[in-house]
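For the sequence shown, the numbering used here gives the first residue as 909, with consecutive numbering after it.
Just so you know, the hints here were simulated from the structure itself, not pulled from any lab data. Among the hints, a few may not be true.
[As the list claims (entries may be wrong)] Quick list of in silico lysine-lysine cross-link-like pairs, DSSO-like style, CA-CA up to 30 Å: (1) K1017 x K1038; (2) K951 x K1083; (3) K1018 x K1096.
[Unchecked claim] Label pairs and their computed distance ranges (CB to CB): (4) K1083 x Y947: 22 to 32 Å; (5) A926 x Q1100: 14 to 24 Å; (6) S1065 x K1096: 17 to 27 Å; (7) T940 x P1107: 25 to 35 Å; (8) S1064 x C952: 21 to 31 Å.
A quick note: this is a predicted structure, and the numbers were derived from the prediction, not measured. Note that beta-carbon positions come from the ideal geometry of N, C-alpha and C, so glycine has one too.
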Amino acid sequence: MIREAVVETFPEIIRAVAAGADRIELCADLNTGGTTPSYGMVKCAVEYCHSQNVEVAVMIRPRGGNFCYDIYEQEVMRSDIITYTSLGADYFVCGTLTSDYDLDTLALKKLISATSVPFVMHMAYDQIPKHQQLKAMDELIALGVVRLLTHGSADSSTLITDNVQQLARLLVYSKGRIEIMPGGGLTKDNVQELINQIPFHEVHGTKIV
């Protein structure tokens, strides 16, 4: 099982790697749900983690708040993606939605086309109405997105173990076409409870190791 640790400082990177994290998701400003980290942080994190055989997924999100981005914000995101591709990032973690909470496939396609690095859809996906989520998953797969990070609910205050039915629905529908990675309140202490119910191959959290 791959354990992806969410971090925002270099001491957290060192601790997570030492504790056995298989991958780092690098963010800034986790108080707002995570935003794009600085050039220096990405450069140093990639150099250190790769020396330890640990992958680095970089958050691409220009601000907190909603996930509906105008053309200027999209260009900021695209520029960061191009720059961080040159630094050796292993994945980009990103999500774009329309004003009515549907997947913004045009914006996402523009960002994906800026790099050969694989993309991960983050928990913006949970804001999409449930009756549209399977269609959105198909669109993500068609765009080449390799992984979907989800809490199984738009309500982040719910326990992830209370969202098992929705997580299972997504996993079954995916049929291995995209990796489903649960996160949001998942820790090293409760992860086994979830895995006992659904055998996920990858898990995500700030306290996952």
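Practice task
Just tell me: holds or violated, for the beta carbon distance of A926 and Q1100 against 14 to 24 Å?
Solution key: Cβ of A926 to Cβ of Q1100: about 21 Å, so the range 14 to 24 Å holds.
Handout entry: Pairwise beta carbon distance, S1065 to K1096, judged against the given window 17 to 27 Å
Key = 21 Å, holds
Problem - Status of the given 21 to 31 Å range, CB of C952 versus CB of S1064 - result: Given range 21 to 31 Å: holds, Cβ gap about 30 Å.
Exercise for the section: Would you mind confirming whether the straight-line C-alpha gap from K1018 to K1096 stays at or under 30 Å? Expected result: Roughly 36 Å between the alpha carbons, so the hint for K1018 and K1096 is violated.
Handout entry: 30 Å Cα cutoff - pair K951, K1083
Key = 35 Å, violated
Practice task
Given the hint that K1017 pairs with K1038, test it: the Cα-Cα distance must not exceed 30 Å.
Solution key: Answer holds: K1017 to K1038 is near 22 Å, not above 30 Å.
Exercise for the section: Using the Cβ atoms, figure out if T940 sits within 25 to 35 Å of P1107. Expected result: About 32 Å separates the Cβ atoms of T940 and P1107, which means 25 to 35 Å holds.
Practice task
For the range 22 to 32 Å, tell me whether the beta carbons of K1083 and Y947 fit it or not.
Solution key: Given range 22 to 32 Å: violated, Cβ gap about 38 Å.
The structure does not agree with the numbered hints 2, 3, 4 stated previously, though it agrees with the rest.
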